[in-house]
Amino acid sequence: MAGIVHNSEARRALLNFVGTQILPHEADLRQWLLRLGVKAHELDDIVQDVYCRLLRLERFEHIEDPRAYLFRSARNVLLEQVRRNRVVSIVTVQNLDELGIADMGASPEAAAGARAELTRVLGLIEALPERCRRVFELRKVHGLSQAETARAMSISENIVEKETAKGLSLILRQMADSGASVVKALKPKLSQQPGDDKRGGERLYVAD
Amino acid sequence: MSRIDEDAARWVARLNGDASAEDRVAFDAWYAADPRHQGAYLRAEAAWTMLDRAEVMAHGDPEKAQQALDRTVRTARSAMTRRYAMGAGMAASVAGAVAIGFALKDRLSIATSLGELRSVPLQDRSVAAVNTDSRIEVDMSSRLRHVALVKGEVWFEVAKNPEVPFVVSAGDIRVRAVGTAFSVRRRAGGADVLVTEGTVETWTVHDTDRRVTLTAGHEAFMPETPQTVAVTFRPDDVERRLAWRTREIVLNSETLREAVAEFNRYNARQIVIADPAIGGETLVGGFHVDQPDTFARAVHGALNVPVSIGDDRIIIGTAAAAS
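Here the protein sequences line up with chains A and B, keeping their order.
Per the working numbering, residue 1 is the first one in the first sequence, and the count goes up by one each step.
Per the working numbering, residue 1 is the first one in the second sequence, and the count goes up by one each step.
Just so you know, the hints here were simulated from the structure itself, not pulled from any lab data.
No experiment lies behind these values; they were computed from the predicted model shown.
For every residue, glycine included, the Cβ atom is placed at its ideal position computed from N, Cα and C.
Hints may be right or wrong, so weigh each one.
[Stated by the list, open to error] Simulated restraints, written as ranges between beta carbons of each label pair:
hint: 1; chain 1: A; residue 1: Phe60; chain 2: B; residue 2: Leu114; range: 52 to 62 Å
hint: 2; chain 1: A; residue 1: Glu64; chain 2: B; residue 2: Asp23; range: 33 to 43 Å
hint: 3; chain 1: B; residue 1: Asp312; chain 2: A; residue 2: Arg35; range: 50 to 60 Å
hint: 4; chain 1: B; residue 1: Arg257; chain 2: A; residue 2: Glu9; range: 54 to 64 Å
hint: 5; chain 1: A; residue 1: Glu61; chain 2: B; residue 2: Asp34; range: 27 to 37 Å
hint: 6; chain 1: A; residue 1: Asn16; chain 2: B; residue 2: Arg125; range: 54 to 64 Å
hint: 7; chain 1: A; residue 1: Glu64; chain 2: B; residue 2: Ala21; range: 36 to 46 Å
hint: 8; chain 1: A; residue 1: Ala147; chain 2: B; residue 2: Asp34; range: 24 to 34 Å
[Stated by the list, open to error] A few chain B residues that face chain A, going by a derived Cβ cut-off under 10 Å, partial list only:
hint: 9; residue: Asp18
hint: 10; residue: Glu22
hint: 11; residue: Pro35
hint: 12; residue: Gln38
hint: 13; residue: Tyr41
hint: 14; residue: Ala46
hint: 15; residue: Met50
hint: 16; residue: Leu51
hint: 17; residue: Arg265
hint: 18; residue: Arg269
hint: 19; residue: Val284
hint: 20; residue: Gly286
Construct all of the structure, not just a fragment, from the sequences and the given hints.
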């Protein structure tokens, strides 16, 4: 299947780019879309469409501000839907521009640093229900395979797979929902002196 | 989070676990079926890959990683909120959104008041959706199904019955269908005919020989006086212009003047454009027919013009001469 050659270098690079540069802004993007008046049931479709566009990227080194790039892509998806006359309940195209400029401010993530990022990733795993969390710790922190995880936990591979799917869903949902407030809370702090106050960055990421 | 996102997460788990050859075939089919699947899969796989950083970073700095892990374990576990509200479908269907009248008699008259939308099942199992400020007279006989559009706009979903023609008259304009769905809107000097399904035949009584055939996706303004009729094929536009059936107004580069005229069809609270100079500005967007105030606020934001929203009327722009 074109586009999903597993383990290819290009796919790997794309996954890294999306995972670290795009996903962290998804919650903000969803908030922004909601403020534009996009209805809740339209939201997932639009977000999926935006990610689908990323697949067409041949290279992404030239994208200097992935956050702005993400918002622009979403804006284009909206415009296209309006042109196709699907009732996207956005206010007006002109408003898209205004809101876009206001929201596409500098990324708070850029200054967060590797330590904070580790804490954030671990925080996502930590928030999972017990068995799910254990599966993710073994697979992602300790790097075990599905079979090794099953043996370590004395459960079947089938259950490991189910817990993996469930946990990944929950993590995606957490990134879509609650990420927004975390990122927002971070903004004032970082505006003082980005990167210097590492402890501050961590604390905010793990909050709640 | 949608069903598609859940499926994507399941596929990531399967393909990173113990996938069989059949699984891969099934995955390829799912992946190819819908661009949204591809987007959702990229998103889920990217999150999965991103979590690898936990390992990479933990190995890079084991002590600190362990501390971080210990600390997060101590943190009160936040329950995963599931406050995702799936909207209640794309507006409600016409039948659900409006009061349903029963019109099972041979002859009847249906009138709607300002802002009202009625979906009426007819005796022959056809359905008439009657838009704001409209009036139809229905006359069902064994040889002819006849509906007179006295004023306003109506959309029909016609029950198939080749034996008994279904004819709508709008002033001097006639529209004839067998089994199809179409709308007729009376205008000065003629009527708009929009076809959503099947085929209709339309003509003016002043020239019954010259008949225009319209199929799904086509629309035409039928003038009362015999003249050439311009037929356009714009299926998207036909659907857009019938957005009233779900009580919506969809604008696609209509002028402010046209948009305001649309809203004023539905509401006693009329919108007035005080500054003629802005009447030609074009707008894009979707609105609820009975929320002219939302529309006015959007115009305020889009065109950067003053808007005054009162209980009985809404004024957009300031008259250059006034105040």
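Now the hints, each set against the structure:
1. In this structure the hint that Phe60/A and Leu114/B lie 52 to 62 Å apart at CB holds, the actual value being about 54 Å.
2. Glu64/A and Asp23/B have their C-beta atoms about 39 Å apart, which keeps the hinted 33 to 43 Å range intact.
3. Checking the proposed 50 to 60 Å range against Asp312/B and Arg35/A shows it is violated: the Cβ atoms sit about 30 Å from each other.
4. Here the CB-CB span from Arg257/B to Glu9/A is close to 56 Å, well matched to the stated 54 to 64 Å.
5. In this structure the supplied range 27 to 37 Å holds for Glu61/A paired with Asp34/B, their Cβ-Cβ distance being about 30 Å.
6. Between Asn16/A and Arg125/B the beta carbons are some 59 Å apart, a value that agrees with the proposed interval 54 to 64 Å.
7. Taken as a hint, the range 36 to 46 Å holds for the pair Glu64/A and Ala21/B, whose Cβ atoms sit roughly 42 Å apart.
8. Taking the beta carbon of each, Ala147/A and Asp34/B are about 32 Å apart, inside 24 to 34 Å as hinted.
9. Look at Asp18/B: its Cβ gets to within about 6 Å of chain A, closer than 10 Å, so that hint holds up.
10. About 15 Å separates the beta-carbon of Glu22/B from the nearest beta-carbon of chain A, more than 10 Å, and the hint is not met.
11. Hint on Pro35/B holds. Least Cβ distance to chain A is approximately 5 Å, under the 10 Å limit.
12. Because the smallest distance between the Cβ of Gln38/B and any Cβ of chain A comes to about 5 Å, under 10 Å, the interface hint for this residue holds.
13. A distance limit of 10 Å between C-beta atoms decides the matter here; for Tyr41/B the minimum to chain A is near 8 Å, and the interface restraint holds.
14. Annotation: Ala46/B was flagged as interfacial toward chain A, and the flag holds, the nearest CB pair being 4 Å apart, inside 10 Å.
15. For Met50/B, the interface hint holds, since its Cβ comes within 10 Å of a Cβ in chain A; the closest pair sits about 3 Å apart.
16. Because the beta carbon of Leu51/B sits about 4 Å from the nearest beta carbon in chain A, less than 10 Å, this interface hint is met.
17. Given the 10 Å rule on beta carbons, the hint for Arg265/B is violated: about 18 Å separates it from the nearest Cβ of chain A.
18. Among the interface hints, the one on Arg269/B is violated; its C-beta lies about 19 Å from the nearest C-beta in chain A, farther than the 10 Å criterion.
19. Residue-level restraint check for Val284/B holds (minimum Cβ-Cβ distance to chain A is 5 Å; threshold 10 Å).
20. This hint holds: Gly286/B has a C-beta 4 Å from the nearest C-beta of chain A, less than the 10 Å allowed.
This entry does not satisfy hints 3, 10, 17 and 18, going by the numbered hints stated previously.
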